[in-house]
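*Asks:* Start from chain E and add chains C and D according to the hints.
Protein chains in written order, with full-length UniProt numbering: chain E, 1 to 290; chain C, 1 to 229; chain D, 1 to 289.
Rather than coming from a laboratory, the hints here were simulated on the basis of the structure.
No false leads were slipped in.
Here are the simulated SDA-like cross-link-like pairs (lysine to any residue), alpha carbons at most 20 Å apart as the crow flies: (1) 121/D <-> 190/C; (2) 121/D <-> 129/E; (3) 221/D <-> 44/E; (4) 43/E <-> 220/D; (5) 267/D <-> 68/D; (6) 43/E <-> 143/D; (7) 221/D <-> 50/E; (8) 172/D <-> 93/C; (9) 172/D <-> 92/C; (10) 121/D <-> 193/C; (11) 172/D <-> 179/C; (12) 121/D <-> 187/C; (13) 157/D <-> 88/C; (14) 43/E <-> 158/D; (15) 221/D <-> 48/E; (16) 43/E <-> 144/D; (17) 123/D <-> 190/C; (18) 157/D <-> 92/C; (19) 43/E <-> 197/D; (20) 43/E <-> 86/C; (21) 43/E <-> 142/D; (22) 221/D <-> 39/E; (23) 43/E <-> 81/C; (24) 157/D <-> 93/C; (25) 123/D <-> 239/D; (26) 43/E <-> 87/C; (27) 43/E <-> 219/D.
Fair warning: this is a prediction, and the values are worked out from it, not measured in the lab.
As a plain string of letters, each chain reads:
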Amino acid sequence: MSESVLFDAPGPRTRRRMVWVNVAATVVVVGIGAWVLSRLGAKGQLNPDLWTIFLTADPWVDYLLPGLVGTLRAAAIAIVTSAVFGLVFGLGRLSASRTVRAVSGAVVEFFRAVPVLLMMIFFWLGLSRLDLVEPRDLPLVAVVLGLTFYNGSVFAELVRSGVHNLPKGQREAALAVGLRRSQSLRLVEVPQALLAMLPAIASQLVVILKDTALGYIITYPELLDAARRLGSGQGNILQSLVVAALIFIVINYALTRLAGLLAGRVGLRTSGRAKAEPPSLVVATGTTPT
Amino acid sequence: MDDGYLEQFLSLFDQFDVLAAFWVNIQLTFYAGILALVLGTVLAMMRISPVPSLRWAGSTYVTLLRNTPLTIIVVFCVLGLWGQLGLVLSTDFQTNFFRLAVLGLSVYHAAFVCEALRSGVNTVPVGQAEAARAIGLGFWASARLVILPQAFRGAIAPLGNVLIALTKNSTVAAAGSVAEASGLMKTMIEFRPDVILLIFFTFAFGFVLIVVPLGLATTTLSRRLAVAR
Amino acid sequence: MRARRLAVALTAAATLTLAACSSGGGDDDTDAGATGEASETSGGAEGTIRIGIKFDQPGLGFQDGDEYTGFDVDVARYVADALGYSEDQIEWVQSPSAQRENLLQTGGVDMIFATYSITDKRKEVVSFAGPYFVAGQDLLVAADDDSISGPEDLEGKNLCSVTGSTSAQRIKDEYAAGTNLLEQPGYAECVTALTAGSVDAVTTDDIILAGLAAVPANEGKVKVVGNPVSEENYGVGLPLDSDKCEAINEAITTMIEDGTWQELLDKNVGASGYEANADLNPPEPAACS
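One chain only, chain E, in its complex shape:
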C-alpha cells in the first residue's frame, strides 16, 4: 500500500491537514458513539449485570461453547460434503460426455440460484415427513444439506474455472506422455486447479461458517441460537448477540487471514497462475464470493 502509485507521499502541509481532519473525524465518531451509548444507557442496556455475566463461566459452558461447537460441527461436515459435491459436479462439467456436462451444469446453476435459507426450510420440513433421519439430527441434516448444495455448486464452479484457467500446455503435455483425457484431468489438471483455487476455497469457508447462522431459523442449536436462548433466559438478548457476533468475527477473520496466507504460498506450486496477472495498484485482494 505504501508504494501506491496513486498519490505522492504526503508532504508536511498535507500531513498537518490530515492530522486536523483526523481529529475532527475522531470527534464526530466519538460523538456518535457517545450518543449511542447514552441512548442504550437510558434504556438500561448498559446495566453492568447484563454484560458482566459474560465474564463468568456459566453462559460460556452452558450456551456459547456448545453453540460454537454446533456451528463448527455443521460447518465442518458441510465443508467436506461440499468438497465432494463440488469435485463430482466440477468434473461432471468438464466431462467429455455432452449429457453429463449438461446435467451437471443444470444442477450447479440451479443450486447456485436458490437461497440457502429456502433450501434449509425445505429439507427441514420435508425430511421430517419421510422419517429418514433421527428427529434429533434433523436440523443438523437440513443445515448441512442446504449448505452443501449451494457451496458445493460454488466449489464445482471453482474446479471448472480453475481447470479452464490452466495453461493449455499442461493438458497437451499430459496427453503427449500418453495419459488419457480423464487421466490428464485427474492427475494433472484438477490437482493444480485446486491448488490455484485454494484461496478462493478458503474464503468460501467463511461463507459456510456464516451461513450456519441461518440454521437458527430451523432450530439448529448453533451459536446464534445459543445466544438467543441465553438472552431469553437472562433478559440480555442484545448483549448476547453482540458477543455471538464478536465470536463469528474473530473466527472468520482468522479464516480470511489464512486464505490470504494461502494465496501467497500456493502461487509457487501451480501453473494455475502462470498467466501473468496485470500489475496491481494496490495489495492483492482475496475477493470473496458472498
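*Replies:* Just chains C and D now, kept in the frame of chain E:
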C-alpha cells in the same frame, strides 16, 4: 388424485400472494443494491486513499461487516437501531421494517462491493495511474477520471456476483419482520405440507428466474465492457 | 510430483469422506430402529422414552445447559415417572411448533409436552391425552402500563409476536384492525423490544408470557394483563395408535389431586405474579378416544 392434487396446489395461489412476496424481495434487492453500491464505492475510495486513517477505517469496516452473519446484522437493525436507539425510517410501521432491512442488507453487502471494486482496481495497469499522475492529476482527479471508470468496468463480474448474492440474501429480511418469499414459503408449507415439493420448486424456480438472467447479463456486460488491454 | 501426491491425498480424502458419510447414514438408521423398538416396550422400566418439548421457552420448556426446566418439562417428568420411566430414561427432543405433528407421525417422539393445544384439526392426525393445563391468549405489557387491559386497547399500538403466529393475526382480525404488527424470530426478542418501549404489548398464550415475565432479568418490568381471549387446552400429544392415553390421564389426575400440579406451576411461573385462570384450571382430563 393426480387431478385433484394439481388443482389443490393451484388453489393455494388464490390464498397466498406469491408474486407480491417476490416483489418484496425484488424491491429489497433494488434499494439495497443501490445503497450498497454507493457505500461500497465510498469504502473502496477510502481504502485506496492517501489518508492512512481513512484506509484503516475502510478496512476495519470491511473486516467487521464481512465476517458477521447477515442474520445478526438484520436482527440488530430491528432490535438495536429501532428497538433501543429509536431510529425510525418511516412513520408507517411496516415500511419502517422494510427500510431497516434495506439498511441491514446494504451495510453488509457494501463490504463485498468494496472488495469487488478493489479487485477491479487491481485490473487497472499501473501505467494508467502513472500517466494520470504524469499529466498532473491529483489523487481525486486520477481516481475519479482514470482509475474508477476502468475499475468499474473490470469489476462487473464480481459486482454481478454481489448482486446475485444480495438477491438471495434478501430472504434473510424475514428475520427483520419483513413479509417476503421465504417466510411465505414456510407458511404455505405449514398450511399444506402434502404439496411441499411443488411449493418448494415454485419458490426455487422463482429465484432461478430472477438470478439466472442476472448472471447472464453480468457475463455479457463484463465481456462487452471489458477494457481491451 | 507434488501435485501428484496431492491428487492422491485428495482422492483418498474424498473416498474416506464418502465412506464416512455412507456409514454415518447407516448408523443413523440402525440407531433409529433400535430406539424405536426400545420405546415400544412402554410401561416397563426398560429402554428410553422420547419426549418432545420446547427448548426456548423459559418457564415452560427451556434448555439450560444440560438441564431442562419449565412447567411442561416437570409435568412430563411426573407423567414419565408414573409410566415407569426414571429421569435418566428420558430423552428430550426439541419440538418446535411446526414439527410437532411430524414428530409424532414419524415416531420421532413418543409423546409431546410443548404448549400443544388440543384442536379438532390436529386430532385427525395425532391423538391427545389430558389436558393438563388450560391457557388462553393474553397480552404482556410493561409493568407500569395501565392503558392496555385487553386486545381492544391495542388500536394504533405496536404489538409483537413470533413470525407466522396466528395469535397476532387474530387480534388484528377480531379486535383491533389498526394494530401495528412486529414479527420476530422468538418471544425473547419481543420482550426485549417491549422492555425498550418500542412495542406496547406481546401476545401469545398467557402461561408462555408468564414464563417470560418470570425470568429474573424481566421480573418487575413486565406483567401479564390477565384477560385471556381464547381457551387453549394443553394436551399431551401422542401418536394416533398410542395405548398410553389412559395411563397418562390417570397420572395427570393424581398430579392435580396430590398438589404437585399447583406446586410445579408456582415453581416455574409463580415469580411473574401470574395466576392460572381458576375457572378452567386445574382441568379434568378428557376421556380417551
